[in-house]
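Q: Build the full structure now, drawing on both the sequences and the hints.
Here are the chains, one letter per residue:
There are 2 protein chains.
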Amino acid sequence: MDKDLRYEKENKISITVIRRLPKYYRYLGDLMNKGINRISSQELSKLTGFTASQIRQDLNNFGGFGQQGYGYNVEELHAELGKILGLETIYKAVIAGAGNLGQAIANYKGFEDAGFKVLSLFDKNPKLIGLRIRDIEIRDVDIMIDFIKEHDIDIGIITSPRESAQELADVFVKAGVKGIWNFAPTDLEVPEHIVVENVRLNESLFILSYFLKERMEI
Amino acid sequence: MDKDLRYEKENKISITVIRRLPKYYRYLGDLMNKGINRISSQELSKLTGFTASQIRQDLNNFGGFGQQGYGYNVEELHAELGKILGLETIYKAVIAGAGNLGQAIANYKGFEDAGFKVLSLFDKNPKLIGLRIRDIEIRDVDIMIDFIKEHDIDIGIITSPRESAQELADVFVKAGVKGIWNFAPTDLEVPEHIVVENVRLNESLFILSYFLKERMEI
DNA sequence: ATTTTTTGAAACAATTATTGAATATTATAT
DNA sequence: ATATAATATTCAATAATTGTTTCAAAAAAT
Numbered sequence: 001m002d003k004d005l006r007y008e009k010e011n012k013i014s015i016t017v018i019r020r021l022p023k024y025y026r027y028l029g030d031l032m033n034k035g036i037n038r039i040s041s042q043e044l045s046k047l048t049g050f051t052a053s054q055i056r057q058d059l060n061n062f063g064g065f066g067q068q069g070y071g072y073n074v075e076e077l078h079a080e081l082g083k084i085l086g087l088e089t090i091y092k093a094v095i096a097g098a099g100n101l102g103q104a105i106a107n108y109k110g111f112e113d114a115g116f117k118v119l120s121l122f123d124k125n126p127k128l129i130g131l132r133i134r135d136i137e138i139r140d141v142d143i144m145i146d147f148i149k150e151h152d153i154d155i156g157i158i159t160s161p162r163e164s165a166q167e168l169a170d171v172f173v174k175a176g177v178k179g180i181w182n183f184a185p186t187d188l189e190v191p192e193h194i195v196v197e198n199v200r201l202n203e204s205l206f207i208l209s210y211f212l213k214e215r216m217e218i
Numbered sequence: 219m220d221k222d223l224r225y226e227k228e229n230k231i232s233i234t235v236i237r238r239l240p241k242y243y244r245y246l247g248d249l250m251n252k253g254i255n256r257i258s259s260q261e262l263s264k265l266t267g268f269t270a271s272q273i274r275q276d277l278n279n280f281g282g283f284g285q286q287g288y289g290y291n292v293e294e295l296h297a298e299l300g301k302i303l304g305l306e307t308i309y310k311a312v313i314a315g316a317g318n319l320g321q322a323i324a325n326y327k328g329f330e331d332a333g334f335k336v337l338s339l340f341d342k343n344p345k346l347i348g349l350r351i352r353d354i355e356i357r358d359v360d361i362m363i364d365f366i367k368e369h370d371i372d373i374g375i376i377t378s379p380r381e382s383a384q385e386l387a388d389v390f391v392k393a394g395v396k397g398i399w400n401f402a403p404t405d406l407e408v409p410e411h412i413v414v415e416n417v418r419l420n421e422s423l424f425i426l427s428y429f430l431k432e433r434m435e436i
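Protein chains in written order, with this note's numbering: chain A, 1 to 218; chain B, 219 to 436.
Keep in mind that a hint or two might mislead.
[To be verified] Quick look at which bits of chain B chain A covers, simulated, 3 or more residues with Cβ under 8 Å: (1) 234–240; (2) 297–309; (3) 425–432.
[Claimed, not checked] Think about it this way: if two alpha-carbon atoms lie no more than 35 Å apart in a straight line, the pair counts; the simulated DSBU-like pairs of lysine-lysine are: (4) 342/B to 46/A; (5) 178/A to 117/A; (6) 252/B to 46/A; (7) 117/A to 252/B; (8) 301/B to 252/B.
In case anyone wonders, no lab produced these hints; they're calculated from the structure. The C-beta atom is built at its ideal place from N, Cα and C for all residues, glycine as well.
A: Structural data, given as structure tokens:
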């Protein structure tokens, strides 16, 4: 297939659809754990809160996984969504910023279970360098670029204060990571081919505040 | 004004608009720090990436803050957005789950600066109880309900593992918090009048994964 | 006083979500 | 075993929402 055509084809699935997939994936995982092996869009609707038709349309973007009169096979759909989300791949990651947030991420087994392996943390604080979170070592940020190149790291995670975020992103890009997971409250400037996903804790809290205020006023 | 009418009026501003406000607020804050006191929608567009007309439309939902031929007064618009987002209020919060993530939030000065004051952390781990993060004490989760009632806490923050999240939410609701900021990867069931804002770290990471995979395939 | 800038509002376009018809499968009843 | 009813997806059409473009009016700059 022509590369550009392919790109267009892939590209036509909108971000709003993509952002719903992880939720489907999560509920399907729950169903699997409960030993349920069959589900209709209507039942999934009750669980997720999306309408049944929206769920069907979302899933149909990627192929006809369901069967008329039967519904969806839980295990199969879970696996398909895992493939779509790229969760069958093992990604190698490093964390820049070994404060509480960086440590929290390094500590969280859930990410490793999903195929995201943190190989090292980096910090400039001498008191932290040399320590270990689980068995992940905290190294000097000065050697980060070499470490990334050497270990062929896919994902750089930024959990530093805002001020150093762009600088760290530059190092990540230079070192050759493919994606950046950014927790700093700033918009990173990176080349087009680098994927950036932001976690905006501030914004999330502000939105909570907005609705709290709204609720009080009514 | 009639309560229901008021509600409808408030309600007609869509969540997609609301979710853009914090970004405007952030950039306006940056501009203030740079001593810039005037900005046009076109300049804001360059900064935020939203179109100028969308910015004007968004802001006009809340009132005509701009002036033809001049643009927007940075300080004034920043203040207005702060009001809209409810940031002039001081919110009292507690954190349920004093692991790395809970500690990270307790440690983050940025939240306190924005008017969110963490009065206590809670955990069931005896090794943590009694410790202090900055000057915030970690207390036994068993006394959480009384603490919340006594101190008239507005926001409950859940940074516990998934398994205990719903239970903690129930305690929060019973104790009378108005909103919950939930970091656990589960959908909480709470009464309608409680505001819940979720931070889905898992989903964010999965979306990064999706785009990484997509990029590799092209 | 004239030109330029810039907002705000309305018209238009695109995207996203819902509905309904057609079709296939399963379960039930005979 | 077969026919029938109920269930549930898929696909196309429609509706609703969201975003962009256009343009008149107002203010600022020259």
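Q: For the region 234–240 of chain B, do at least 3 residues have a Cβ located nearer than 8 Å to some Cβ of chain A?
A: Satisfied; 4 residues make the cut.
Q: Would the pair residue 342/B and residue 46/A pass a check requiring their Cα atoms to be no farther apart than 35 Å?
A: holds (33 Å)
Q: At a Cβ distance under 8 Å, does chain A reach at least three residues of the region 425–432 of chain B?
A: Coverage by chain A holds here, the residue count being 8 at a Cβ distance below 8 Å.
Q: Run the distance test for residue 178/A versus residue 117/A: straight-line Cα separation, threshold 35 Å.
A: OK: residue 178/A and residue 117/A at ~15 Å, within 35 Å.
Q: Against the 35 Å threshold, does the CA-CA distance of residue 117/A and residue 252/B hold or violate the hint?
A: violated (40 Å)
Q: Below or equal to 35 Å on CA atoms is what counts here, so check residue 252/B against residue 46/A.
A: Outside the cut-off at roughly 49 Å; violated.
Q: Between residue 301/B and residue 252/B, does the CA-CA distance stay at or below 35 Å?
A: holds (22 Å)
Q: Counting residues of the region 297–309 of chain B that have a beta-carbon nearer than 8 Å to any beta-carbon of chain A, does the count reach 3?
A: Since three or more residues must qualify, the claim that chain A covers the region 297–309 of chain B holds, with 6 doing so at under 8 Å.
When held up to the earlier numbered hints, the structure conflicts with 6, 7 and fits the remainder.
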